[in-house]
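Number of protein chains: 2
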Amino acid sequence: MAERSRAERLARRLQELQMSTLDVEAAAIVSVDGLTIASSLPAGIEEDRVAAMSAAMLSLGERIASELGRGVLDEVYVKGESGYVVLRAVGEEAVLTVLARQQTKLGLLFLDMRRASKALAAVLEV
Amino acid sequence: MAERSRAERLARRLQELQMSTLDVEAAAIVSVDGLTIASSLPAGIEEDRVAAMSAAMLSLGERIASELGRGVLDEVYVKGESGYVVLRAVGEEAVLTVLARQQTKLGLLFLDMRRASKALAAVLEV
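Chains A and B, in that order, are what the protein sequence lines are.
Sequential numbering from 7 applies to the first sequence in our numbering.
Sequential numbering from 7 applies to the second sequence in our numbering.
Keep in mind the hints are simulated off the structure, nothing from the lab.
Some clues are possibly wrong.
All copies of an identical chain are treated as equivalent in the list; a pair is satisfied when it fits inside any one copy or across any two copies.
[Unchecked claim] As a list, the in silico DMTMM-like pairs of lysine to aspartate or glutamate whose alpha-carbon atoms are at most 25 Å apart: (1) Lys-111 / Glu-73; (2) Lys-124 / Glu-87; (3) Lys-111 / Asp-39; (4) Lys-111 / Asp-29; (5) Lys-111 / Glu-14; (6) Lys-111 / Glu-87; (7) Lys-111 / Glu-81; (8) Lys-124 / Glu-68; (9) Lys-111 / Glu-98.
I would like the entire structure built from these sequences, with the hints used as guidance.
Take a look at the structure:
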């Protein structure tokens, strides 16, 4: 029952993030080994694919930040011609991944993600 | 002789990018297979390491942009607690990688990198 409500709290927080701006298409929390913890994805976006890609990007991002003297990883973003994938660490065990449309205001998205990441980390650590 | 002057033009354009803002620490153009084409790196930053990391990030960034429906890759950035690594495609065969300090104004850096990337692509395609 406690687990159920924790999963619900995570999912609810992801939905809030998704609804905070019209330009967020999908949001998920993924464990560092690539398994989905909670997600709020529209039809047509596969949960497993988001999880696998997030874990791979987190791992390479951490390696690059460290090898090129940028310190501990904070955020990774990938911009394609039709939108963004943004990742941010949630505590030490998970990553928050957001898919956003091309017209997204990045500054606002980063701000929302930083807040969400703190809130999600607090739920995960309970 | 023509090759020599082309390499010089690439290196000069990288230096211009590096000097355009005080916050750019290093800049390099790397082939998609991870070999350095030209670079402007301070002592203490290894060329081979930058090249290998850039190619790995470009390849994963392209895969993620495509698998998660973001279209053709445009830019990747990694933010660590002590600064940024930003990558941008230069034509189809190369990537421009910049290491920047933490206080960098990202909007300005992206603008400078887009311009540099076009200029570098023009030199590479000659």
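Each hint tested on the structure:
Taking the shortest Cα distances, Lys-111 and Glu-73 sit within 25 Å of each other only across copies (23 Å), while inside one copy they are farther apart (30 Å). In this assembly of identical chains, the alpha carbons of Lys-124 and Glu-87 lie at most 25 Å apart only when taken from different copies (16 Å versus 29 Å within one copy). In this assembly of identical chains, Lys-111 and Asp-39 lie within 25 Å of each other by CA distance neither inside one copy nor across copies; the values are 30 Å within and 33 Å between. In this assembly of identical chains, the alpha carbons of Lys-111 and Asp-29 lie at most 25 Å apart whether taken from the same copy (8 Å) or from different copies (23 Å).
With identical chains, the CA atoms of Lys-111 and Glu-14 are never at most 25 Å apart, being 28 Å at best within one copy and 38 Å at best between copies. Within a single copy, Lys-111 and Glu-87 get their C-alpha atoms as close as 15 Å, and across copies as close as 22 Å, so both meet the 25 Å cut-off. Taking identical chains as interchangeable, the C-alpha atoms of Lys-111 and Glu-81 lie at most 25 Å apart whether they share a chain (16 Å) or sit on different chains (16 Å). For a Cα distance limit of 25 Å, the shortest separation of Lys-124 from Glu-68 inside one copy, 19 Å, qualifies, whereas the shortest one across copies, 29 Å, does not.
For the homomeric pair Lys-111 and Glu-98, neither the shortest alpha-carbon distance inside one copy (27 Å) nor that between copies (27 Å) is at most 25 Å.
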